[in-house]
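One-letter residues, chain by chain:
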Amino acid sequence: MRQVLRLLRRAVDALRRAPLVTAVAVGTVFVAVLLTGLVAALLGGGERLLAAWAGEVPISVYLAPAADLAAARAAAERLAPGMAVEAVTPVAALARLRASLGDEAALLDGLGDEVLPPSVEVRAPGLSLGRTRELAVRLRQVPGAVEVDYGAAWLERLETLLRRARVVGIALFAALALATSVLVANTLRLAVYARRDEIEIMKLVGATDVHVGAPFLVEGALQGLAGAGLAVAALTAAAWALLPRLRAALPLAARLTRADVLPGALLVGLLAGGMALGIAASLLSLRRFLRRT
Amino acid sequence: MIQLFHVTKQYGAEAPALSDVSLEVRKGEFVFLTGPSGAGKSTLLKLIFCAEPSSGGQILVFGRNISRLKPSAVPYLRRSIGVVFQDFKLLPHRTVAENVAFPLEVRGLHPREVARKVAATLRGVGLDHKGSKFPLSLSGGEQQRAAVARALVGDPALLLADEPTGNLDADRTLEVMALLEAASARGTTVVVATHDRGLLARHKKRIIALESGRVVSDGDSIRRAAGS
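Order-wise, the sequence lines are chains A and B.
Heads up: the first sequence begins at 1 in our numbering, then just goes up one per residue.
Heads up: the second sequence begins at 294 in our numbering, then just goes up one per residue.
Excised from the complex, chain A in its bound form (with noise of 0.2 Å):
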């Protein structure tokens, strides 16, 4: 336990002895991990709005002619507890075309009334697409249902989008995390440089490998902790003054917490990586002084 705050002490005072090359650090491990956790919060934001987008496509289920319509609704409550249910008459449905079709509804005109399907609407804010797909196929149970529609090739084409948003967003995190653990890494050998005159000494005089790390490790994390932490805390900040605006301009995003965009393990994950980070970098900038003396 001495050791342990001897070594702590060693590293702090370390830290404040070389204040601008701290800053330094401290800065480039927040600008580094501010960039990620951003692109991490939009894509986790972004794959959450579009996942809500998906959600607010109703799921149709259309009936025989002579189906029974009040039975068929309280079949597909069965089979959708919870959700919005909405028998849908012949009558209503083509009322709903006319509203649509606005100053073209004339086209309409000569029809029968009953030329539409009865149908079913099931309406499932905020369900994923697998989820939508599963009750759909579930919803093939109502009585007298000739067809579920849920605008499947539109959702498949929304979850390759998804899926490929994912996989760019995937490959940028990396790319980014890369370039950054470069530039942090440079910037702590910076700080290493700094003090070679002090490393050569303490070999000098016998200190071991570990003795000499040691102190420059706990720097490394230290720094990285707080460049880490001053990160998460701007991004929660910008998550927090942001998302009231952006949930008042687009309806979508009504039910977007900053849980969704900033998740705890995500803030976690970025804390941890932004210590990592430092520790990795110091250990690269060591090894080479190490070895000269």
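Derived from the structure by calculation, the hints contain no laboratory data.
Keep in mind the model is a prediction, meaning the values are calculated, not measured.
There is no bait here: all hints are sound.
The calculated lysine to any residue pairs, modelled on SDA-like cross-linking and capped at a C-alpha distance of 25 Å, are:
{"id": "1", "chain 1": "B", "residue 1": "Lys-410", "chain 2": "A", "residue 2": "Met-1"}
{"id": "2", "chain 1": "B", "residue 1": "Lys-498", "chain 2": "B", "residue 2": "Ala-478"}
{"id": "3", "chain 1": "B", "residue 1": "Lys-382", "chain 2": "A", "residue 2": "Arg-17"}
{"id": "4", "chain 1": "B", "residue 1": "Lys-382", "chain 2": "B", "residue 2": "Ser-365"}
{"id": "5", "chain 1": "B", "residue 1": "Lys-426", "chain 2": "A", "residue 2": "Glu-200"}
{"id": "6", "chain 1": "B", "residue 1": "Lys-363", "chain 2": "A", "residue 2": "Glu-200"}
{"id": "7", "chain 1": "B", "residue 1": "Lys-382", "chain 2": "A", "residue 2": "Leu-20"}
{"id": "8", "chain 1": "B", "residue 1": "Lys-382", "chain 2": "A", "residue 2": "Gly-213"}
{"id": "9", "chain 1": "B", "residue 1": "Lys-426", "chain 2": "A", "residue 2": "Arg-196"}
Keeping the supplied structure of chain A fixed, place chain B upon it in accordance with the hints.
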């Protein structure tokens, strides 16, 4: 204490810095290593405290063949060797006491024990009132004495000094040499590299002379004086 057998040291394609050097320094001896600049004095000291590897031959320090020493064992060997560097190698942003404490801290001694030994050593070199000062605020002689204090604080069995009086005036030279002789009197083996002929004349010790990386003479100053 120190044995060298046909030791060579070559840097790249240049002429060898040391060539076929064989010598022995016994426990408790005080030895001057002399020769003109570039003769190989500093290189020889560096090989002895493992700052550099030799290119050939065998070096035994404390009976251990350092050519075969594992890198992880080098720090433990160095803890038995005190080194006074030509350029002092004092850290400017650490106080004199902190600089002197370095060899004890790396051994993991308790801070109280470190403080006690540092104070005693600084008193021994006449710098007890300068412990809280920074090296750059000291005179050249005081800096050299601080460097000697750092080399002595761990009670090393072997003390290597590379031109320890090179930057000092006559009075300061006497002070530093007195410290090295005191260490020798306590049983420490002392090897001093110097090109100062006055120093060799004043102190009647064994002298090993190097020239172009070779040992050209080895004997005590009295015999040399009688032979010349």
